[in-house]
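Colleague: Please model the entire structure based on the sequences and the hints provided.
Protein chains in written order, with the UniProt record's numbering: chain F, 1 to 195; chain P, 1 to 195; chain A, 1 to 195.
FYI, nobody ran anything at the bench for these hints, they're computed from the structure. Among the clues, some could well be false.
Claimed, not checked - Subject to a maximum C-alpha distance of 30 Å in a straight line, what follows is the list of computed DSBU-like cross-link-like pairs (lysine-lysine):
#	chain 1	residue 1	chain 2	residue 2
1	A	K135	P	K189
2	F	K135	P	K149
3	A	K116	P	K135
4	F	K135	P	K41
5	A	K135	F	K189
6	A	K135	F	K41
7	F	K116	F	K149
8	P	K135	P	K189
9	A	K41	F	K189
10	F	K41	F	K149
11	A	K189	P	K149
12	F	K189	F	K135
13	A	K41	F	K41
14	A	K41	P	K135
15	P	K116	P	K149
16	F	K41	A	K189
17	F	K135	F	K41
18	P	K189	P	K149
19	F	K189	P	K135
20	P	K116	P	K41
21	A	K41	A	K149
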Amino acid sequence: MTKLTRNLISSIVFFLISLLLVSCSATNATSRIRSRHRPCKRLVFYFHDILYNGHNARNATSAIVGAPAWGNTTILAGQNHHFGNVVVFDDPITLDHNLHSTPVGRAQGFYLYDNKEIFTSWLGFSFVFNSTQHKGSINFAGADPLMNKTRDISVIGGTGDFFMSRGVATLMTDAFEGEVYFRLRVDVKLYECWS
Amino acid sequence: MTKLTRNLISSIVFFLISLLLVSCSATNATSRIRSRHRPCKRLVFYFHDILYNGHNARNATSAIVGAPAWGNTTILAGQNHHFGNVVVFDDPITLDHNLHSTPVGRAQGFYLYDNKEIFTSWLGFSFVFNSTQHKGSINFAGADPLMNKTRDISVIGGTGDFFMSRGVATLMTDAFEGEVYFRLRVDVKLYECWS
Amino acid sequence: MTKLTRNLISSIVFFLISLLLVSCSATNATSRIRSRHRPCKRLVFYFHDILYNGHNARNATSAIVGAPAWGNTTILAGQNHHFGNVVVFDDPITLDHNLHSTPVGRAQGFYLYDNKEIFTSWLGFSFVFNSTQHKGSINFAGADPLMNKTRDISVIGGTGDFFMSRGVATLMTDAFEGEVYFRLRVDVKLYECWS
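Modeller: Written as structure tokens, this is what we have:
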């Protein structure tokens, strides 16, 4: 084999590798990085829920809107661990623990208590952002066994900066005061990002 | 290098490129075209909501089913921008603006008002089709800041013709009459299609 | 062309094919098998719903928590096919038909009746598992035209063993007794699995 032939073959090899690696990624289009172990985006927020209890109309950010036959919409059902209470909320989102920090967005949607033996809820809500930092929304759904230190719900979609996002959000009750105030830490881990 | 060698190498190059491009797409199986800029399917529909108000039982397609302590289920809560009202609906879907056009499906699910300062809602619903044109369902969830001209919610899944769909739906209030009737234009853009 | 050249070219061809096939799959990272015709995971469960009716507080696993103006939360609305009734549930999941089999998890969330002409509902709920067999949750949403023998809803996400799952669940009413008890067979077919 001549030196020329060898060089030619080397070039072809290099060209082919380059070309085909590019083709492969192109097939997958929008740069999606997928790994269970490394989220493609991670964000930590806090949101603050102040439940209407008949006396705090001004400050309340949420209200009971559904109750079972044995309950009412002013006070969480005393028996059965609030089973059947449905709460609508519009809660401020902050970057730190402080309720009075400037909100970076709103957590909007509902939760309901769905267990007679322990405190367990089911959540359907969105984080809605409209700041210079984030524009768009992240949509969540899932079961929240709230007596556990941490629990995971699903990120089921997103819009704007979070277009087509999917992932998991780890919730942690960061603080609570009786049945009026609670603060949730939300660790949003996106595993599908569309850029 | 002989002419034969050169020809052989050319053939190999061509064969390799073909083979490997095919392999790459095959890895991705079901023909999914993914691009943020070009939906794989796009559909525009209108749906029409006539809210029960105590006097229109026959025509109403939706009803208030949840209300905060300061409200009731006959009339949307006058204060706080309907905060806490939950509405269940079964609305006709049409291909044009006309409420009386032959429906092509039903929009079924719920919305709730979740903001005390402005009109904002949260939606969980499905488009249900059972015609020669479309069979199956598209499932939606997300926040709807309804005073904005357009707003995006998530397509979180689908069945039948819309099997495993994901995407974004752009909502636009096309018309409304007081608190009894509204018509939403829904521009469904799917970015994940399974064929 | 010498024999050496021919051998060299053969080796290169083989090396390239191997290398690039590996590259292609690596781009797709986590072993996702995608085919409309073959789910990557399939699970069949039953869940059992006993609706509170004013007399069965002990056994009830669900309760009416929302009703239209013409209804109440003790009895499903007699007219309009329960339109507007919202039910919160925490139902045992079993592997067979028997209500008294050891539950393998809980089905938690809500359903609402959303059609005046026929029985149709909309569901948002989770399967929550915490056994040696399964840990984690599967989240569901979708329309359930419950008079059909089978109907499909969406698997919109999952956590734990079902991390990032998507798919379709086929529901079948396996049994019902008046308006107090029903048993649903749920055939969960996941088409996106992250291992």
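Colleague: Now tell me, hint by hint, if it's right for this structure.
Modeller: Results of checking the hints against the structure:
Restraint check for K135/A and K189/P: not satisfied, since their Cα atoms lie roughly 34 Å apart, outside the 30 Å limit. Among the hinted pairs, K135/F with K149/P is consistent with the structure: their alpha-carbon atoms are about 16 Å apart, no more than 30 Å. Between K116/A and K135/P the CA atoms are separated by roughly 21 Å; this keeps the pair inside 30 Å, and the hint holds. Distance restraint check for K135/F and K41/P: the Cα-Cα separation of roughly 25 Å lies within the 30 Å cut-off, and the hinted pair is therefore satisfied.
Taken as a hint, the K135/A and K189/F pair is honoured in the structure, with Cα atoms around 19 Å apart against an allowance of 30 Å. Restraint check for K135/A and K41/F: the C-alpha separation of about 25 Å stays at or below 30 Å, so the hint holds. For the hint linking K116/F to K149/F, the alpha-carbon distance of about 20 Å falls within 30 Å, and the restraint holds. Distance hint between K135/P and K189/P is fulfilled; the C-alpha atoms sit about 17 Å from each other, no more than 30 Å.
For the hint linking K41/A to K189/F, the alpha-carbon distance of about 24 Å falls within 30 Å, and the restraint holds. Only pairs whose Cα atoms come within 30 Å are accepted, and K41/F paired with K149/F is accepted, the gap being roughly 23 Å. Taken as a hint, the K189/A and K149/P pair is broken in the structure, with Cα atoms around 38 Å apart against an allowance of 30 Å. At most 30 Å may separate the alpha-carbon atoms for a hinted pair to count; K189/F and K135/F meet this at roughly 17 Å.
Simply put, K41/A and K41/F have alpha-carbon atoms about 27 Å apart, close enough for the 30 Å limit, and the pair holds. A hinted pair counts as satisfied when its Cα atoms are at most 30 Å apart, and K41/A with K135/P qualifies at roughly 25 Å. For the given pair, K116/P sits about 20 Å from K149/P by alpha-carbon distance, which is consistent with the 30 Å threshold. Distance hint between K41/F and K189/A is fulfilled; the C-alpha atoms sit about 28 Å from each other, no more than 30 Å.
A C-alpha spacing of about 15 Å is found between K135/F and K41/F, which places the hinted pair at or below 30 Å, so the restraint holds. With a CA separation close to 18 Å, the supplied pair K189/P and K149/P stays within the 30 Å bound. For the given pair, K189/F sits about 34 Å from K135/P by alpha-carbon distance, which is inconsistent with the 30 Å threshold. This hinted pair does not check out: K116/P and K41/P have alpha carbons roughly 37 Å apart, beyond 30 Å.
A hinted pair counts as satisfied when its Cα atoms are at most 30 Å apart, and K41/A with K149/A qualifies at roughly 23 Å.
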